[in-house]
Amino acid sequence: MNSKVDLQPGRILIAQPYLHSPPFTRSVILLADYSPEEGAVGFILNKPLQLSVERLISDFPRFNGLAWYGGPVQTNTIHYIHTYGDLLEDSTPIGYGLYWGGNFEKLKIFVDRKLITSNKIRFYVGYSGWAPGQLEDELERGSWFVGHGDRNYVFKVPFYKCWKKAMENQGDIYTVLSEIPMSWQAKYN
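Under my numbering, the first residue of the sequence shown carries the number 18, and numbering increases by one thereafter.
Keep in mind that the hints were calculated from the coordinates and are not lab data.
Treat the hints loosely; a few may be bogus.
As the list claims (entries may be wrong) - Pairs of lysine-lysine, PhoX-like flavour, derived with a Cα cap of 25 Å:
1. Lys137 to Lys181
2. Lys137 to Lys182
3. Lys173 to Lys125
4. Lys173 to Lys131
5. Lys137 to Lys178
6. Lys123 to Lys137
7. Lys125 to Lys137
8. Lys173 to Lys137
With the hints as constraints, model all of the structure from the sequences given.
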């Protein structure tokens, strides 16, 4: 399940139960880009921030949605994952009906006209990134499980259930692993 063949946009990385490396403890990360030569980019799906999008982007129209923590790399940037690939030009397809980015000026117009709503787009502060070979090394050490993505992880599964649900959806031994309680140290680090 953790072979290099499994790494491609649209897959998810599920932190193994004993990974105690904030901010990745019990994280589920959607891979948005991957190549062995360039590395990988992904976004943590289960770490909400208590910040509105318009508070982060001064000229953004009124929007009913919170920003999410995408990862520790370039936390001065905003990214977005959405289902509006046909509407929002320059979007990069990820898979499972999900897209990354797109024309930001048109995005603001569509949000202002209520053509884009918060139940089909999510904004991330920063991202999770790996240099070439780094993610493969982490997989070999057993830090992550690789699974199939699903847009429900982004838009429907509550953040506090995302890791457990992603583990259970892998089946077999992963269902058992999903029941391992978080250690005291991981809860308070």
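For each hint, the structure was consulted:
no.: 1; hint: Lys137 to Lys181; result: holds, 22 Å
no.: 2; hint: Lys137 to Lys182; result: holds, 20 Å
no.: 3; hint: Lys173 to Lys125; result: holds, 24 Å
no.: 4; hint: Lys173 to Lys131; result: holds, 20 Å
no.: 5; hint: Lys137 to Lys178; result: holds, 19 Å
no.: 6; hint: Lys123 to Lys137; result: holds, 16 Å
no.: 7; hint: Lys125 to Lys137; result: holds, 15 Å
no.: 8; hint: Lys173 to Lys137; result: holds, 10 Å
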